[in-house]
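As they're listed, the protein sequences go chains A and B. Numbered according to our numbering, the first sequence spans residues 1 to 169. Numbered according to our numbering, the second sequence spans residues 1 to 102.
Simulated from the structure, these hints should not be mistaken for laboratory data. It cannot be assumed that every hint is accurate.
What the hints assert, rightly or not - Not the full set, but computed from the structure, chain A residues with beta-carbon under 10 angstroms of chain B:
#, residue
1, Ala28
2, Ile98
3, Ile102
4, Ile124
5, Leu133
6, Gly151
What the hints assert, rightly or not - If you anchor each label on the Cβ, the simulated ranges turn out as follows:
#, chain 1, residue 1, chain 2, residue 2, range
7, A, Cys109, B, Arg7, 23 to 31 angstroms
8, A, Phe134, B, Met70, 17 to 25 angstroms
9, B, Lys101, A, Val141, 38 to 46 angstroms
10, B, Asp93, A, Ser145, 33 to 41 angstroms
11, A, Pro49, B, Ile6, 18 to 26 angstroms
12, B, Ala18, A, Arg85, 17 to 25 angstroms
13, A, Tyr156, B, Ile6, 41 to 49 angstroms
Heads up, the beta-carbon is just placed ideally off N, CA and C, and yes, glycines get one too.
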Amino acid sequence: MTIVFYVAGAVATVSTALMITRLHAVHALLYLIVSLLAVSVVFYTLGAPFIAALEVIIYAGAIMVLFVFVVMLLNLGEQAARAERALLKPSMWTGPLILAAILMAEFVCLLTAGSSGRFGGAMIGPRGVGASLFGPYLIGVELASMLLLGGLVGAYHLGYRKTPKPEVG
Amino acid sequence: MEMVPIRDGFILAGALFALGLIGVLVRRNVIFILMSLEVMLNAAGLAFVVAGARWGQPDGQVVFLFILAMAAAEVSVGLALVLELYHQYQSLDTDAASRMKG
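Work out the full structure: start from the sequences and follow the hints.
Pasting the structure below:
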């Protein structure tokens, strides 16, 4: 079981190293998503299945969608189609594909291992996390909600485009 | 079935954090800097989860949830700033915005 941790950790490190050396943002995003998925597997091997699911849903799902959206928004232009054809060359996505295939093999191994696939430590599921989150850490939840509200208002204010006023004669 | 030693978990978190720090220091593209920041936040959360798993307490996972909320707020404001920077300078280079204008 610990071998899963080491393989996933190696995949995370390699894909992060490849991420910071890519020239184009889309290729870097592919490697970053693979890195986040690998860290999610690491979380599972550490006995945190709830955090592993949140890592996939929120980090690799929501936050990366924001990144992809902004990268594609800045990419618009007359040569965008030519650029996309160059971006999606097979040599560009085989690297992330191989790393993701390693993670997929680990996933299948964990599923088929059955009871012998359990890790040594105590697994802390969503129940324990929730009881702690809404018990002693309730003030932190309130502060996080205020932070998210601040982020929402800030992003709305920054993204607001003032429409030019019509000339009044 | 033995547990993953805490030292190896911290080595992984430290390696990911160092890679993110190198990305922030080396790259000049704002999008790459934001992505490297995400990697650094993720590595910090990984260290918390490793420590929480070592003592079998949920506190590490709770702190990771807070880091997750903070990263979501940070990235929404940061990407709005990236769009603003691009509209101002038609470039994503941080050196284009090295001078403040009142």
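Quick rundown of the hints versus the structure:
The criterion of a C-beta within 10 angstroms of any C-beta in chain B is met by A/Ala28, whose closest approach is roughly 6 angstroms, and the hint holds. Because the closest C-beta pair between A/Ile98 and chain B is about 19 angstroms apart, greater than 10 angstroms, the hint is violated. Annotation: interface hint on A/Ile102 violated; nearest CB of chain B at approximately 16 angstroms, more than 10 angstroms. Proximity of A/Ile124 to chain B holds as hinted, the smallest CB-CB distance being about 5 angstroms (cut-off 10 angstroms).
Taken as an interface hint, A/Leu133 checks out: its beta carbon lies about 5 angstroms from the nearest beta carbon of chain B, inside 10 angstroms. At its closest, the beta carbon of A/Gly151 sits 3 angstroms from a beta carbon of chain B; the interface hint therefore holds under the 10 angstroms criterion. A hinted range of 23 to 31 angstroms holds for the C-beta pair A/Cys109 and B/Arg7, which are about 24 angstroms apart. About 19 angstroms separates the C-beta atoms of A/Phe134 and B/Met70, a value consistent with the hinted range of 17 to 25 angstroms.
Distance hint check: the CB atoms of B/Lys101 and A/Val141 are about 40 angstroms apart, consistent with the given range 38 to 46 angstroms. Range check, B/Asp93 to A/Ser145: Cβ separation about 36 angstroms, and the 33 to 41 angstroms hint holds. Between A/Pro49 and B/Ile6 the Cβ separation comes to about 19 angstroms, which falls inside the hinted range of 18 to 26 angstroms. Separation of B/Ala18 from A/Arg85 is about 36 angstroms and departs from the stated range, judged on CB atoms against 17 to 25 angstroms.
Range check, A/Tyr156 to B/Ile6: about 42 angstroms between beta-carbon atoms, so the 41 to 49 angstroms window is met.
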